[in-house]
Amino acid sequence: MNTRPAPRRNWASRKTAVALFIVSATIAATACGGKDDDDDPIVYDKPQILPDNSPVCLNALEIKVDDDYGQNVILRNDGRQQLVIQEARISDASRDFFSIEDIVPKTVDTKDSAILRFHYAPTAPGWDTAFLNVISNAENFPTLRIFVLALAIPSDPEAAAEFDPGPKPDEAFTNGQEACRTQN
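Okay, so the sequence shown: first residue is 1 according to my numbering, each after it adds one.
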C-alpha cells in the first residue's frame, strides 16, 4: 500500500503568476501608448501657449554660410478656450539671417498644436541671436518670446577647420546662466 500522499498542486503560486502577468501586461500597455498627455485634465479655462522648445539652440549644428536651415517650434494650447495666434515676427536679431515662414494653424483647439516654422540663412560666419515673438490671446504669454542662438561656420572646409567664432554673445546669458550649452 502506498502511503505517500498525492502531489499537491500549488494553486497559490499559479494565481500569483497569473496576477503578475496581468499586472505586467497592463503596465506594458500603458507605457506603450495606452495613456498619453491628452488624458491629462485641463487646468486652465483660458488659452495657454506652451512651446516645445525654448530656447532654440542651433549652435551645436554645423550650419554653413549660405545654407538655409528650417526649424519648427511646436506651440501647444493647454487651455479650454481656443488659442488664436495673431502674428509671429523676429525681433532683436543680431544680423538679418532669420525669417519666419508661417504658423499653421492660426487657431488652436484644446490640447492641439500649431507649428511655427522659421529659417536661418546665414551669409557670413559667426554667432547669431534673435527672438521669435508670437502674439496671441494666450493668458500666460500674450507675447511669447523664444530666444534663438545660432552659429554659422564657413562653407570652405579649410576655413571651417580654422574658424574661431569667439565667445558666445552676451544675449546667450541670463542672470549668469547660459541659455544654450554645447557638450564637448
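To be clear, the hints were calculated from the coordinates, so they are not data collected in a lab.
Glycine is no exception: its CB is placed at the ideal position from the N, C-alpha and C atoms.
Keep in mind that a hint or two might mislead.
Said to hold, decoys possible - Derived SDA-like pairs: lysine to any residue, alpha-carbon spacing no greater than 20 Å straight-line:
1. Lys168 / Ser94
2. Lys106 / Asp92
3. Lys111 / Leu58
4. Lys168 / Leu58
5. Lys111 / Arg80
As the list claims (entries may be wrong) - What follows is a list of derived Cβ distance ranges for each label pair:
6. Ala161 / Thr123: 12 to 22 Å
7. Ile135 / Ala161: 20 to 30 Å
8. Asp92 / Asp112: 28 to 38 Å
Problem - Contradicted hints - numbers only - result: Result: hints 2, 3 and 7 break, sorted rising.
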